[in-house]
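Asks: For the record, the sequence lines run as chains V and D. If you read the first sequence in numbering that gives the first Met the number 0, its first letter stands for residue 0, the second for the next number, and so on. If you read the second sequence in numbering that gives the first Met the number 0, its first letter stands for residue 0, the second for the next number, and so on.
Hints are not guaranteed to be accurate.
[Stated by the list, open to error] To be clear about the criterion: a stretch of chain V counts as covered by chain D if any three or more of its residues have a C-beta under 8 Å from a C-beta of chain D, and this derived list gives those stretches:
1) 19 to 30
2) 52 to 59
3) 88 to 101
Think of the hints as simulated: they come from the structure by calculation, not from any bench. All of these numbers come straight from a predicted model, not from anything done at the bench. Glycine included, C-beta positions come from ideal geometry on N, C-alpha and C.
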Amino acid sequence: MKKLGLGSVLLAVLRREVSLALRQKGEVLTPLVFFVVIASLFPLGVGPESALLLRMAPGVLWVSALLAAMLSLQRLFATDYADGSLEQMALSSTPLGLLVLAKALSHFLLSGLPLVLMAPVLGLQFGLDGRALGILMLTLLLGTPTLSLIGSIGAALTLGVRGAGVLLSLLILPLYIPVLIFGAGAVEADAAGLGMGGHLSLLAALLVLSIFFAPLATTTALRISLE
Amino acid sequence: MSLRASVIHRACCQSAARLRARDRTVKFPQSISRHHELKTVPTLSFSKLGCSRGGRQLFQNIDCVLESGHWLYVAGANGVGKTSLLRMVCGLAPIESGEIFWNGTPIHAQADAYRQDLCYLGHLNALQESMTVHENLAFTAALGGMAPDAAQTQSVLAHFGVAGRERQLVRHLSQGQKRRVALSRLALSQARLWVLDEPFVAMDEAGVRMLADLIAAHLTQGGLAVLTSHQQVDIGAIPAQLLELRA
Numbered sequence: 000m001k002k003l004g005l006g007s008v009l010l011a012v013l014r015r016e017v018s019l020a021l022r023q024k025g026e027v028l029t030p031l032v033f034f035v036v037i038a039s040l041f042p043l044g045v046g047p048e049s050a051l052l053l054r055m056a057p058g059v060l061w062v063s064a065l066l067a068a069m070l071s072l073q074r075l076f077a078t079d080y081a082d083g084s085l086e087q088m089a090l091s092s093t094p095l096g097l098l099v100l101a102k103a104l105s106h107f108l109l110s111g112l113p114l115v116l117m118a119p120v121l122g123l124q125f126g127l128d129g130r131a132l133g134i135l136m137l138t139l140l141l142g143t144p145t146l147s148l149i150g151s152i153g154a155a156l157t158l159g160v161r162g163a164g165v166l167l168s169l170l171i172l173p174l175y176i177p178v179l180i181f182g183a184g185a186v187e188a189d190a191a192g193l194g195m196g197g198h199l200s201l202l203a204a205l206l207v208l209s210i211f212f213a214p215l216a217t218t219t220a221l222r223i224s225l226e
Numbered sequence: 000m001s002l003r004a005s006v007i008h009r010a011c012c013q014s015a016a017r018l019r020a021r022d023r024t025v026k027f028p029q030s031i032s033r034h035h036e037l038k039t040v041p042t043l044s045f046s047k048l049g050c051s052r053g054g055r056q057l058f059q060n061i062d063c064v065l066e067s068g069h070w071l072y073v074a075g076a077n078g079v080g081k082t083s084l085l086r087m088v089c090g091l092a093p094i095e096s097g098e099i100f101w102n103g104t105p106i107h108a109q110a111d112a113y114r115q116d117l118c119y120l121g122h123l124n125a126l127q128e129s130m131t132v133h134e135n136l137a138f139t140a141a142l143g144g145m146a147p148d149a150a151q152t153q154s155v156l157a158h159f160g161v162a163g164r165e166r167q168l169v170r171h172l173s174q175g176q177k178r179r180v181a182l183s184r185l186a187l188s189q190a191r192l193w194v195l196d197e198p199f200v201a202m203d204e205a206g207v208r209m210l211a212d213l214i215a216a217h218l219t220q221g222g223l224a225v226l227t228s229h230q231q232v233d234i235g236a237i238p239a240q241l242l243e244l245r246a
């Protein structure tokens, strides 16, 4: 029996989440398909006017990404809660906050990162140019981990609650507003020649803040759910 | 060490102090202490422990001292608060009144150190259905900061009669087999204190005996165990400390 360092424990959590997701591919693919469908509905709904589509592209893509990221949040702790693994995590000698951080990171890798990679394809539909696509990807890359971290608080709060999905959206969507404003705003600000440095800095600040505070809040919520 | 007839069990129970929750406070006599040579003997103790659920008082004023090498048998009818007590001991449920001490220090004051010494097995098996037996065991061991090697896992599984199932998905196992896999976590853990909620459920006779032997070996090595069971069980020849909860 070997002793493991903290890093290896977190790696074990990450590896478990990823291998579980790869065994249930539907769970990774559903949010991605949802993202594509939602983003593609807008041009169909508002008509093919390219100036209008270009204007609303960053906002539409960001809102779609936000909703898609939320779709898979409910399952973040639900299966572990149902089979008792969550109890074991709460009782393990590894701090629960770090395990939560690893779970949020795995959520980003499995649902945020595919959105980041898919976004330019959808952006092309709206007629965004290369530079705008690059900025969109950058803002999503900075923003989606924050979505996963904030979302983990909601997922923990709604554990074992009936109708958890709707409740989760109501709890979490308002908290996503700052990320949405600065994420979608960066592309527009750059197009208007205002520079996007401020927006990106604020997105990064939100990420750092949520890396610190979200695991604390999630841990407290999980301990309450397990009582 | 084997499963004894219930006659002996009853004799053991009678020798242990009977505790009536709610109205009286009884300290258990500490007759045998084989570990006095150790500087710090692992000790679990409750002081004036109480719990209520949904406005109803389940138990109160429970006092008890459990020393290294002994096991506490929490008995009582359905709904008297056995699981609540065990969850409080683990630190999963908040302590409403009273205090639980591990080595003389309240458990919430040393949460991290206490969790290292603790292995809990509840009603749920904590097995992920779409992972293999080996992956599940490796993961729970990793949570405790340990990495068991393949040979070790194999021998433990063989001891529990589920040899050669390491690569099988948990969902392909029967209920009893899942329980055996969950129990083999105990054998892989380094914890001093085992808290087992109905560990004998879904086990056949051979399984019950194997688990009793495992607990007996753990106690002989200076471990402690707290368990509930509706079955009559004997852990080797080690007498139980009985804690009977009554409504």
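Asks: Where does the structure disagree with the numbered hints, that is, which hint numbers, in rising order?
Replies: Result: hint 2 breaks, nothing else.
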